[in-house]
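> Please take these sequences and the hints and turn them into a complete structure.
Just so you know, the protein sequences line up as chains A and B, in that order. Each residue of the first sequence is one higher than the last, beginning at 1 in UniProt numbering. Each residue of the second sequence is one higher than the last, beginning at 1 in UniProt numbering.
Rather than coming from a laboratory, the hints here were simulated on the basis of the structure. Computed from a prediction, not measured in an experiment: that's the story for all the values here. Some hints could be false.
[Said to hold, decoys possible] Straight line, CA to CA, 20 Å or less: simulated EDC-like cross-link-like pairs of lysine to aspartate or glutamate:
#1 B:K231 / A:E69
#2 B:K297 / A:E39
#3 B:K127 / A:E68
#4 B:K297 / A:D37
#5 B:K127 / A:E39
#6 B:K127 / A:D77
#7 B:K52 / A:E39
#8 B:K52 / A:D70
#9 B:K197 / A:D70
#10 B:K253 / A:E39
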Amino acid sequence: MAKITFVTFDGVRMDTEAENGSTVMESAIRNAVPGIDAECGGACACATCHVYVDDAWKDAAGEPEAMEEDMLDFAYDVRPSSRLSCQIRVSDELDGLVVHVPERQA
Amino acid sequence: MSEITKTDVVIIGAGPVGLFAVFELGLYDLKCHLIDILDRPGGQCAELYPEKPIYDIPAWPEISGQGLTDKLMEQIKPFAPQFHFNRMVTRLERQPDGQFHVETDEGEVFETKVVVIAAGGGSFQPKRPPVPGIEAFEGKSVFYSVRRMEEFRDEDVLIVGGGDSALDWALNLQPIARSLTVVHRRAEFRAAPDSVKKMFELVERGSVRFELGQVSGLTGAGGQLSSATIKAAEGETEIPVTRLLPFFGLTMKLGPIADWGLNLHENLIPVNVETFETSQPGIFAIGDINWYPGKLKLILSGFHEAALMTQAAKRIVSPGERVVFQYTTSSTSLQKKLGVA
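Below is the structure:
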């Protein structure tokens, strides 16, 4: 289990518990985090679960793979810290992870 | 107006559930026309995840979206369904005799006894990039596809995106445009390597301008664009633009279905779970687009819904006829329809 914190666009912090091996997106959907749509259900096919990884967690969360980068082209206001939350797998190393929800999904 | 095509059933949406409906309806001799906004069958399976595995199709431990589509196409072949791709159904109207007129954006008209809405998450439409005020320029200076190249002649064209559509149109429009700029948020493209190479050759020759960044603002008046602001790591630049072509992929929208007088529940169509009929007799809804208590958006649920819908559809098309339930394993008459007996 890992604690994943979502910070919504208006600054509300939402702490969630996520199982190792699940994705950050799943934790958002399970806990009804506002601003994460996940239209395609986690197939890395829509770019509507876009988040910004908090600076402190950038290295631990890692870089997007090629397919995810392609999908990020369709996201809104993409920054160097942008990731698709369906592509971040929860593990012990990510216990305490903080991600920020963008103003909107594309 | 073009000639009216007469049929038993019009299926709106050629995704997996629409395709399987052809099979179930076919067993009861109902002829189907399918209309889909995409250019090929498969719906989300073909558009969103053709290569990705699905693990919950009964008897298929693993099958890709495209694989499932191909198998369904093979399965429904005996029933010779008629496909109409690249079209959106814009109007659905009941006629005085109880039949329906189904009209597409290409002007075709179908006269049908039954309509089956199997439209999944709605129709795939180009994604509008999140640039403030872009709506005001749509149709006049902002286009999501190129219908007539002449509209781009001697214009300052800005193409946004890094896929095949973006690069293909950059290469095609460059010779006739006054200037052509491509904006993409990174230096890698997800397009045919040959197109990428050709574009960078044009960039080197100074015929195409390439900007790394994202469009953050548009200016103009009365729908006519005059410039665009490009936001890059090192700051913002403004460039003259009179035509903008954003290629940001596709999204699903309910579209004209909302105007057909059907009861809706959060953009889904409530149905009777015995018949999968909507609030309008003769109009059915199956698959992801429908809603009933306990609904699960699974392909397998859609298959089940198609089978039950068929029983009710048959009664509408052949009133008074006794509907005999048979198994494909043992019924010679069904096997004849399938071409195996």
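> Starting from the hint list further up, note which numbers the structure goes against and sort them upward.
Checked against the structure, no hint fails, so every one of them is satisfied.
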